[in-house]
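Participant: Keeping the supplied structure of chain A fixed, place chain P upon it in accordance with the hints.
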Amino acid sequence: NAGVTQTPKFQVLKTGQSMTLQCAQDMNHNSMYWYRQDPGMGLRLIYYSASEGTTDKGEVPNGYNVSRLNKREFSLRLESAAPSQTSVYFCASSELGGVTDTQYFGPGTRLTVL
Amino acid sequence: AQSVTQPDIHITVSEGASLELRCNYSYGATPYLFWYVQSPGQGLQLLLKYFSGDTLVQGIKGFEAEFKRSQSSFNLRKPSVHWSDAAEYFCAVGAGAGNMLTFGGGTRLMVKP
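Protein sequences, first through last, are from chains A and P. Start counting the first sequence at 1; every next residue gets the next number (the working numbering). Start counting the second sequence at 1; every next residue gets the next number (the working numbering).
The following block holds chain A by itself, in its conformation from the complex (with noise of 0.2 Å):
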């Protein structure tokens, strides 16, 4: 049971490159998350899927896109990556999506933009 995995764990791309941050979970969760840490901001929310089919924007979302492929997977691109854009991202899941539910973690992705 690996809980979130994230690839890669590291990359970096010129700016205008584009990318896709893949995010998968093996614990039969609903919901699915992607979010940026900045320092000293915290985590902020970029997307997320409260099922399989379904995306909603959170609050950063400008630059990016996701898909939600199945019930396991939900992927975040960046189609012309700016240097704004260098932050770590984190995806996560919960199981129902609730307010009360606990949101799993991956290992994050460390994106640099030059």
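Hints are computed from structural coordinates only; laboratory data are not their basis. Some hints could be false.
For lysine to aspartate or glutamate, the following EDC-like pairs were computed, each having C-alpha atoms within a straight-line distance of at most 20 Å [claimed, not checked]:
hint, chain 1, residue 1, chain 2, residue 2
1, P, Lys49, A, Glu79
2, P, Lys49, A, Asp101
3, A, Lys14, A, Asp101
4, P, Lys68, P, Glu15
5, P, Lys68, P, Asp54
6, P, Lys112, P, Asp8
Derived coverage of chain P by chain A (criterion: at least 3 residues anywhere in the stretch with Cβ under 8 Å from a Cβ of chain A; other residues may be distant) [said to hold, decoys possible]:
hint, stretch
7, 39–45
8, 66–75
9, 103–109
Glycine included, every Cβ here is placed at the ideal spot set by N, Cα and C.
Facilitator: Below, chain P alone, put in the same frame as chain A:
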């Protein structure tokens, strides 16, 4: 909209000393409050959570937190800190559709031997 403030960016304590990390929240209704810990290079792990009932909640690793509605606070405490507690700690409030968590900026704890 909800917000969370962690006033202390860095805290250093000696091993064996007590610890209190502060968290203040702003939310119009009954808050759902969480404390997470992030060890270096790792994802976040839930320490404890508060929804209702007893205002003193116990968590893992010997941590506890007290909800004080009158002060809009949810401070995290531990009676005796171990070197392995060195990490970054995040307070969060859950609200709205999709269990959106709003995080504070985090407090980095360093433990002196």
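Participant: State for each hint whether it applies.
Facilitator: Taking the hints in turn, this is what the structure says about them:
no. : hint               : verdict
1   : P:Lys49 / A:Glu79  : violated (36 Å)
2   : P:Lys49 / A:Asp101 : holds (10 Å)
3   : A:Lys14 / A:Asp101 : violated (37 Å)
4   : P:Lys68 / P:Glu15  : violated (27 Å)
5   : P:Lys68 / P:Asp54  : holds (11 Å)
6   : P:Lys112 / P:Asp8  : holds (17 Å)
7   : 39–45              : holds (count 5)
8   : 66–75              : violated (count 0)
9   : 103–109            : holds (count 4)
In this structure, the earlier hints numbered 1, 3, 4 and 8 are contradicted, and the remaining ones agree with it.
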